[in-house]
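The chain contents come next:
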Amino acid sequence: MTVRAVSPRSLRRRRALNLVMSGLMGLAAVLATLPLILLLGHLLREGASSIDLAFFTRMPKPVGESGGGMANAIVGTLILVGIAGAIGLPVGIGAGLYLAEQRRARLATGVRFLSDVLNGLPSIVMGIFAWHFLVRPVGHFSALAGGVALGAMMIPLVTRATEEMVLTVPTSLREAALALGYPRWRTSVSIVLRTALPGIVTAALVAVARIAGETAPLLFTAFGNHYWSVALDQPIASLPHQIYTYAKSPYDDWHRLAWAAALVLIGLVLAISLVARFVTRSRHGGVGD
Amino acid sequence: MAGAPAPAEQPAPPDDSPTLGGGSVGDRVYRTLTTAFAVAIPVLLAFITFEVVAAAWPALRRFGFGFLTSSAWDPQRELFGAAPMIYGTVVSSVLALILAAPLALGVAIFLSEFCPRWLRQPLSFLVDLLAAIPSVVYGLWGMFFLLPILREKVMPFLATTLGLARTPFFSGPAYGNSMLAAAVILAIMILPYISAVSREVLMAVPRSQREAALAMGATRWEMIRDAVVPYARTGILGGVILGLGRALGETMAVTMLIGNRHEISPSLFAPGYTLASVIANEFAEATNELHTSALMACGAVLLVVTLVVNGIARWLVWSVAREQKA
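Quick mapping for you: the protein sequence lines, in order, are chains L and A.
Its first residue numbered 6, the first sequence is counted upward by one per residue in this note's numbering.
Its first residue numbered 1324, the second sequence is counted upward by one per residue in this note's numbering.
Rather than coming from a laboratory, the hints here were simulated on the basis of the structure.
Accuracy of the hints is not assured; some may be wrong.
Said to hold, decoys possible - Computed from the model, here is a short list of chain L residues facing chain A with C-beta under 7 angstroms:
{"no.": "1", "residue": "Arg19"}
{"no.": "2", "residue": "Ala34"}
{"no.": "3", "residue": "Thr38"}
{"no.": "4", "residue": "Pro40"}
{"no.": "5", "residue": "Leu44"}
{"no.": "6", "residue": "Val96"}
{"no.": "7", "residue": "Val116"}
{"no.": "8", "residue": "Leu119"}
{"no.": "9", "residue": "Asp121"}
{"no.": "10", "residue": "Gly125"}
{"no.": "11", "residue": "Pro127"}
{"no.": "12", "residue": "His137"}
{"no.": "13", "residue": "Arg189"}
{"no.": "14", "residue": "Phe225"}
{"no.": "15", "residue": "Ala252"}
{"no.": "16", "residue": "Ser278"}
Unchecked claim - Label-pair ranges, simulated between beta-carbon atoms:
{"no.": "17", "chain 1": "A", "residue 1": "Ala1644", "chain 2": "L", "residue 2": "Val280", "range": "26 to 34 angstroms"}
{"no.": "18", "chain 1": "L", "residue 1": "Glu70", "chain 2": "A", "residue 2": "Tyr1498", "range": "27 to 35 angstroms"}
{"no.": "19", "chain 1": "A", "residue 1": "Glu1612", "chain 2": "L", "residue 2": "Phe283", "range": "50 to 58 angstroms"}
{"no.": "20", "chain 1": "A", "residue 1": "Tyr1498", "chain 2": "L", "residue 2": "Asp257", "range": "19 to 27 angstroms"}
{"no.": "21", "chain 1": "A", "residue 1": "Met1526", "chain 2": "L", "residue 2": "Leu24", "range": "21 to 29 angstroms"}
{"no.": "22", "chain 1": "A", "residue 1": "Pro1496", "chain 2": "L", "residue 2": "Phe283", "range": "46 to 54 angstroms"}
{"no.": "23", "chain 1": "A", "residue 1": "Asp1397", "chain 2": "L", "residue 2": "Ala236", "range": "35 to 43 angstroms"}
{"no.": "24", "chain 1": "L", "residue 1": "Lys253", "chain 2": "A", "residue 2": "Thr1490", "range": "26 to 34 angstroms"}
{"no.": "25", "chain 1": "L", "residue 1": "Arg18", "chain 2": "A", "residue 2": "Gly1389", "range": "56 to 64 angstroms"}
Ideal Cβ placement from N, Cα and C applies to all residues, glycine included.
If we strip away everything but chain L, and leave its shape as in the complex, we get:
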């Protein structure tokens, strides 16, 4: 720290600087939230008018015919997220339990680090991985490959969140169960895991919200599909991929549908985030810092 002489004049200057900097920090906060507000506003203006029952129940129409919906893409996204969850949740929760219980093991330190590194991998790399692993050998795109790519993205998210949630369970609870003669595994499963469950559900929801909007891993795995398909070994449509296809197209009608799909996707993501927020908050008892 530097030492400054304090004269009344410099004190005034220091106070002024303090004021200016406080203002700048506040301005930064305003600027940072501005894109969010602009984006949501624009989305509502452009997308809201195109959302009706047909959007959810009808199939996409060919170019030139107006109307149509995105039933196939909505169902496709649900299926992809389902496959991803079937992979990401068990592995993530299991690994998270291990990390929380064997906290100091050398393996745990390594796994924790690599899980964070895995979390930072670009989503398109996950797509390449799933393409080379599951699409190229069989020669065609599939919902399964897309789900695997998303599942791989989900694992580190669920792992670290589960670990964090399990660590918040008081040791005394675990000790009480052990003292009653519970074996370790039952203590972990029926006491610790159950206590941490709301937190883990939150984490799972956040992870789902994050992967549900991913497009890059699906480009050459799930690929997209203009027709109705729920087969796991066939290409499948998804909301984010449909937004990309429609946004790139030169047709106004398709742009309109892209906005509507984006609004539905954001609505889904925000609803999940808010539910997740609510679950954690009610658990921790009020607004905490």
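Dock chain A against chain L, hints included.
Below, chain A alone, put in the same frame as chain L:
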């Protein structure tokens, strides 16, 4: 229980006791299962790396190190080089960092030092929400909202009003689709990551550090500049590098805004390409095996770079956490 034995005389529980030593069958199964899931993570990471390198292998073997330095990209003559994409990835990401890092740090400081308590929670939520918006939605918004503003307001302002058109960095026609557009959208997208990490590190700075500075007569800003930020420096740097890692690999929004052209131009108004966007954009139209493999090689380069960048970032953030625990 008359004459209870002194605690010291109590025999220690045997290691194979069914409840404490992990000796029962259920315990062993549980332990094996969770360990297997934990081990699955490093295995998965290695498997991903292996698959990506295998997909890239034909191109890597054919072009070797030259793949990184060549600007040729001619699917017909089977010539491929990733130099323009590497350039575009680095420039767009660094530019995004320059735009986002000060702003993110400002938000983090505001949240941890100036913000009234009632506002802290909702404001953090709003900033974090930026991270929850899908990349493709950023791309859509960028195409129809950001590009027109850049083309009609920001670019003419930079070029003409500020007279920057004379420099090579802001010259040429302003189409909209450009390196600048990609950098702006990337900046918005990585801001929440940097600010979330910075906020957490700033909040972890001990109270005594702040109180000491205030007791010495520092103003609030002086306290932040001299006592709080230096203390959190390493963690903030980790957050910034984490943001860099995100920016390097971001695909959809960049693909939709950067203009997709295999050219190295110093002008930020010119279209470019990134490693991730070339894969997204050209995969569907790849005509031969080697073209596909060259795209996968771009992915492999990206994978290696992000592995290193993320490794460094996590290590920095961790070393802070460890210091604070010690």
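Checked hints:
The criterion of a C-beta within 7 angstroms of any C-beta in chain A is met by L:Arg19, whose closest approach is roughly 5 angstroms, and the hint holds. Annotation: L:Ala34 was flagged as interfacial toward chain A, and the flag holds, the nearest CB pair being 5 angstroms apart, inside 7 angstroms. The beta carbon of L:Thr38 is positioned within 7 angstroms of a beta carbon in chain A (closest approach about 5 angstroms), and the interface hint is therefore held. A hinted interface residue such as L:Pro40 counts as satisfied when its beta carbon comes closer than 7 angstroms to some beta carbon of chain A; here the least separation is about 5 angstroms, so the hint holds.
Evaluation of the L:Leu44 hint against chain A yields a held restraint, the C-beta minimum of about 5 angstroms falling below 7 angstroms. A distance limit of 7 angstroms between C-beta atoms decides the matter here; for L:Val96 the minimum to chain A is near 5 angstroms, and the interface restraint holds. A least Cβ separation of about 5 angstroms between L:Val116 and chain A falls short of the 7 angstroms threshold, and the interface hint therefore holds. The criterion of a C-beta within 7 angstroms of any C-beta in chain A is met by L:Leu119, whose closest approach is roughly 5 angstroms, and the hint holds.
Evaluation of the L:Asp121 hint against chain A yields a held restraint, the C-beta minimum of about 5 angstroms falling below 7 angstroms. A distance limit of 7 angstroms between C-beta atoms decides the matter here; for L:Gly125 the minimum to chain A is near 4 angstroms, and the interface restraint holds. Because the beta carbon of L:Pro127 sits about 2 angstroms from the nearest beta carbon in chain A, less than 7 angstroms, this interface hint is met. Restraint check, L:His137 versus chain A: the minimum CB separation of about 4 angstroms is within 7 angstroms; hint holds.
Taken as an interface hint, L:Arg189 checks out: its beta carbon lies about 5 angstroms from the nearest beta carbon of chain A, inside 7 angstroms. The interface hint given for L:Phe225 is met, as the beta carbon of that residue sits about 5 angstroms from the closest beta carbon of chain A, less than 7 angstroms. Of the supplied interface hints, the one on L:Ala252 holds, with its beta-carbon coming within about 5 angstroms of a beta-carbon of chain A, less than 7 angstroms. Nearest Cβ of chain A to the Cβ of L:Ser278: about 5 angstroms, under the 7 angstroms cut. The hint holds.
For A:Ala1644 and L:Val280, the hinted distance range of 26 to 34 angstroms is satisfied, since their beta carbons lie about 29 angstroms from each other. Judged by the Cβ atoms, the range 27 to 35 angstroms given for L:Glu70 and A:Tyr1498 holds: they are separated by roughly 32 angstroms. For A:Glu1612 and L:Phe283, the Cβ-Cβ distance of about 51 angstroms falls inside the hinted range of 50 to 58 angstroms, so the restraint holds. Look at A:Tyr1498 against L:Asp257: about 21 angstroms separates their beta carbons, and that is inside 19 to 27 angstroms.
A hinted range of 21 to 29 angstroms for the beta carbons of A:Met1526 and L:Leu24 is consistent with their spacing of about 23 angstroms. One distance hint, 46 to 54 angstroms for the beta-carbon pair A:Pro1496 and L:Phe283, holds here, with the actual separation near 50 angstroms. Remark: the range hint 35 to 43 angstroms for A:Asp1397 to L:Ala236 is upheld by a beta-carbon distance near 38 angstroms. The beta-carbon spacing between L:Lys253 and A:Thr1490, approximately 33 angstroms, falls within the hinted interval of 26 to 34 angstroms.
Between L:Arg18 and A:Gly1389 the CB atoms are about 58 angstroms apart, so this pair conforms to the stated range of 56 to 64 angstroms.
This entry satisfies every hint, going by the numbered hints stated previously.
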